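Colleague: Residue strings, one per chain:
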Amino acid sequence: MDYLIPIAILAFTSLMAIMALESRSLVYGAISLGGFFLGLSLFFFYLDLLYLAIFQLLVYVGAVSVLILFAVMVIGEPAKKVPTPRYGGLGFLGGLLVALAAVFIALFLLFSFLNLAADTLFQIMLYVSPVVVLLAFVILFIGEPRQRSGYRFKAFGILGASLVFAGFIGVISYLGTVPSYEGSVTFNLVDLADSLLDQYGLLILVLGLLLAAAAFGAVALAKKEEEEQ
Amino acid sequence: MNELQFFIAASALFFAIGVYGLLSKKSAVRILFSIEIIINAASLNIAAFARFTPYNLGDAQSVTIFIIALAAAEAAAGLALIIESFRLRGKVDVDEMDELKG
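Protein chains in written order, with my numbering: chain Y, 1 to 229; chain E, 1001 to 1102.
Everything labelled a hint here was simulated from the structure, so no lab data went into it.
Among the chain E residues that face chain Y by a calculated CB cut under 8 angstroms, a handful are:
| hint | residue |
| --- | --- |
| 1 | I1017 |
| 2 | K1025 |
| 3 | V1029 |
| 4 | R1030 |
| 5 | L1044 |
| 6 | A1047 |
| 7 | A1048 |
| 8 | I1065 |
| 9 | A1077 |
Derived coverage of chain Y by chain E (criterion: at least 3 residues anywhere in the stretch with Cβ under 8 angstroms from a Cβ of chain E; other residues may be distant):
| hint | region |
| --- | --- |
| 10 | 16-30 |
| 11 | 45-58 |
| 12 | 195-202 |
It should be emphasised that the depicted structure is a prediction, and the values quoted were computed from it without experimental measurement.
Here a beta-carbon is modelled for each residue, glycine too, at the ideal position from N, C-alpha and C.
Work out the full structure, taking the sequences as your base and the hints as a guide.
Modeller: Listed below in structure tokens is the structure:
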């Protein structure tokens, strides 16, 4: 398998996802989210799922990201500017350390459950990581000034995300025995039409009703109530 | 690592990025972004399993289309809620939405 194209798409898509969450301006965040949707549709193109890729392009890149952009422009930018805490950089470093250590520990637990071989480098990581965790928690929770800063939340988020990711990676390494069907797949629109209109026909109707209800609800929520004024 | 595992790892990465945003962000708009990222990770996972297993591709694409439609409905309703909340408070900080707290 030639990994070059999917890795390039993966890099683009994950960069866009991180920028959507971390960019200063909400408008740039919304645009980056559109880029993330675009990257996902490139993935679908790569997987030969043409109809899905075009659907993703139309619905997400075309409709949802424009809707989000519009709402973000209505809301505008948050006015507050939080002063940078004194130990801000240290706090972020602490969060990263916690995340690394959590990944190491989760991987080790998983490998030992699965009776897989842990090589020397891995054991060194295991012995180093408790020290790293201790250091990181000291930096995060004692070294920070009293004022509430976003770094603690950020560290908490990185910790949770890395635990989730480590869990998934563990499951994938366990799945290593599952063969991947590498043969060519012919895309057949008739299959899709059969499945959508015959097998899941009722579901399509229910989904249409749900969409209509969501649209009505959104209009009712966002409608300006002029009677009260 | 075979091709199926690569795509599951990619969707796990997107899922983890979404979880990070859910845990660390305070703005309701960013939380909505995170939810969208998580839903897209799920649909990529289903698409990868559909492509790399020798079964009918039509069913898996139908399921993914359902996910996309549901996510579009969710985005519309969520954005309406956010705009309503912004109209009431003037900001969209989820820490300050505590009117339902007993």
